[in-house]
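In the order they appear, the protein sequences are chains A and B.
Counted the way the numbering used here counts, the first sequence spans residues 589 to 702.
Counted the way the numbering used here counts, the second sequence spans residues 2 to 117.
Among the hints, a few may not be true.
[Said to hold, decoys possible] Quick list of the computed label-pair ranges, beta carbon to beta carbon:
1. B/Arg113 x A/Glu603: 44 to 52 Å
2. A/Gln659 x B/Thr81: 42 to 50 Å
3. A/Ser672 x B/Pro43: 37 to 45 Å
4. B/Val56 x A/Leu699: 33 to 41 Å
5. A/Val617 x B/Glu45: 39 to 47 Å
6. B/Thr17 x A/Pro600: 21 to 29 Å
7. A/Ser618 x B/His11: 14 to 22 Å
8. B/Gly4 x A/Lys657: 44 to 52 Å
9. B/Thr81 x A/Ala605: 46 to 54 Å
10. A/Ala605 x B/Lys41: 34 to 42 Å
11. B/Glu68 x A/Pro702: 27 to 35 Å
Read the hints as simulated data drawn from the structure, not as lab findings.
Each residue gets a CB set at the ideal place from its N, CA and C atoms; glycine is no exception.
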Amino acid sequence: AQSVTQLDSQVPVFEEAPVELRCNYSSSVSVYLFWYVQYPNQGLQLLLKYLSGSTLVKGINGFEAEFNKSQTSFHLRKPSVHISDTAEYFCAVSRPDSSYKLIFGSGTRLLVRP
Amino acid sequence: ETGVTQTPRHLVMGMTNKKSLKCEQHLGHNAMYWYKQSAKKPLELMFVYSLEERVENNSVPSRFSPECPNSSHLFLHLHTLQPEDSALYLCASSQMAGTGNTGELFFGEGSRLTVL
Numbered sequence: 589a590q591s592v593t594q595l596d597s598q599v600p601v602f603e604e605a606p607v608e609l610r611c612n613y614s615s616s617v618s619v620y621l622f623w624y625v626q627y628p629n630q631g632l633q634l635l636l637k638y639l640s641g642s643t644l645v646k647g648i649n650g651f652e653a654e655f656n657k658s659q660t661s662f663h664l665r666k667p668s669v670h671i672s673d674t675a676e677y678f679c680a681v682s683r684p685d686s687s688y689k690l691i692f693g694s695g696t697r698l699l700v701r702p
Numbered sequence: 002e003t004g005v006t007q008t009p010r011h012l013v014m015g016m017t018n019k020k021s022l023k024c025e026q027h028l029g030h031n032a033m034y035w036y037k038q039s040a041k042k043p044l045e046l047m048f049v050y051s052l053e054e055r056v057e058n059n060s061v062p063s064r065f066s067p068e069c070p071n072s073s074h075l076f077l078h079l080h081t082l083q084p085e086d087s088a089l090y091l092c093a094s095s096q097m098a099g100t101g102n103t104g105e106l107f108f109g110e111g112s113r114l115t116v117l
């Protein structure tokens with residue numbers, strides 16, 4: 589069975605500081621990887637995805653993530669955060685042999701302080 | 002751009018009421034999903050419909066009854082709910098069958114349900 593682990597339930601950071609949200613997955617086969625963002629009282633919005641090719645993926649709002657196969661990680665980063673980045677961030681993985689069903693991590697709340 | 006639209010956005014109901022949540026997708030997808038999101042809990046997949054056929058039902062109580070009349074519309078009928086059913090209910094769609102399938106989900110804004 590595959591799983592997705594987001595090690596930090598909450599990450600507080602000051603405005604304009606860099607941030608990294610961690611995501612690890614367990615799978616013995618190749619996977620597709622996703623990061624979603626959820627602003628208060630809204631649905632989930634895709635930030636970025638890794639399907640194949642370059643391991644560094646750039647997404648919306650200045651976020652990027654790096655796929656590391658040997659460490660089975662897909663950490664999300666942003667060099668300088670804004671107050672408006674305060675939200676819940678979900679990592680998710682899908683596998684071709686499980687009908688591509690998305691498995692979500694438990695989420696990390698990013699709290700940006702002025 | 003409102004690819005997946007959910008109504009109502011907010012709903013308050015008593016335990017004896019009957020209500021329905023509606024979801025509509027304008028993306029041409031062939032699969033639709035209901036998720037439940039409660040405070041302090043992970044996202045819970047409730048139901049999956051692929052090509053209008055229910056393909057997954059994750060031990061959801063019978064007081065939740067899904068309906069998928071066509072590939073663009075999905076309903077969640079609610080009756081005799083409990084206060085612990087209060088949550089944000091998210092609808093999503095995807096291109097499940099065929100080529101180009103990656104598992105990527107497109108979500109609606111959610112329906113915030115409060116059961117008194």
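Structure-based check of all given hints:
| no. | hint | verdict |
| --- | --- | --- |
| 1 | B/Arg113 x A/Glu603: 44 to 52 Å | violated (29 Å) |
| 2 | A/Gln659 x B/Thr81: 42 to 50 Å | holds (48 Å) |
| 3 | A/Ser672 x B/Pro43: 37 to 45 Å | violated (25 Å) |
| 4 | B/Val56 x A/Leu699: 33 to 41 Å | holds (38 Å) |
| 5 | A/Val617 x B/Glu45: 39 to 47 Å | violated (25 Å) |
| 6 | B/Thr17 x A/Pro600: 21 to 29 Å | violated (43 Å) |
| 7 | A/Ser618 x B/His11: 14 to 22 Å | violated (41 Å) |
| 8 | B/Gly4 x A/Lys657: 44 to 52 Å | violated (32 Å) |
| 9 | B/Thr81 x A/Ala605: 46 to 54 Å | holds (49 Å) |
| 10 | A/Ala605 x B/Lys41: 34 to 42 Å | violated (26 Å) |
| 11 | B/Glu68 x A/Pro702: 27 to 35 Å | violated (47 Å) |
The structure fails hints 1, 3, 5, 6, 7, 8, 10, 11 (numbered hints given earlier, in ascending order).
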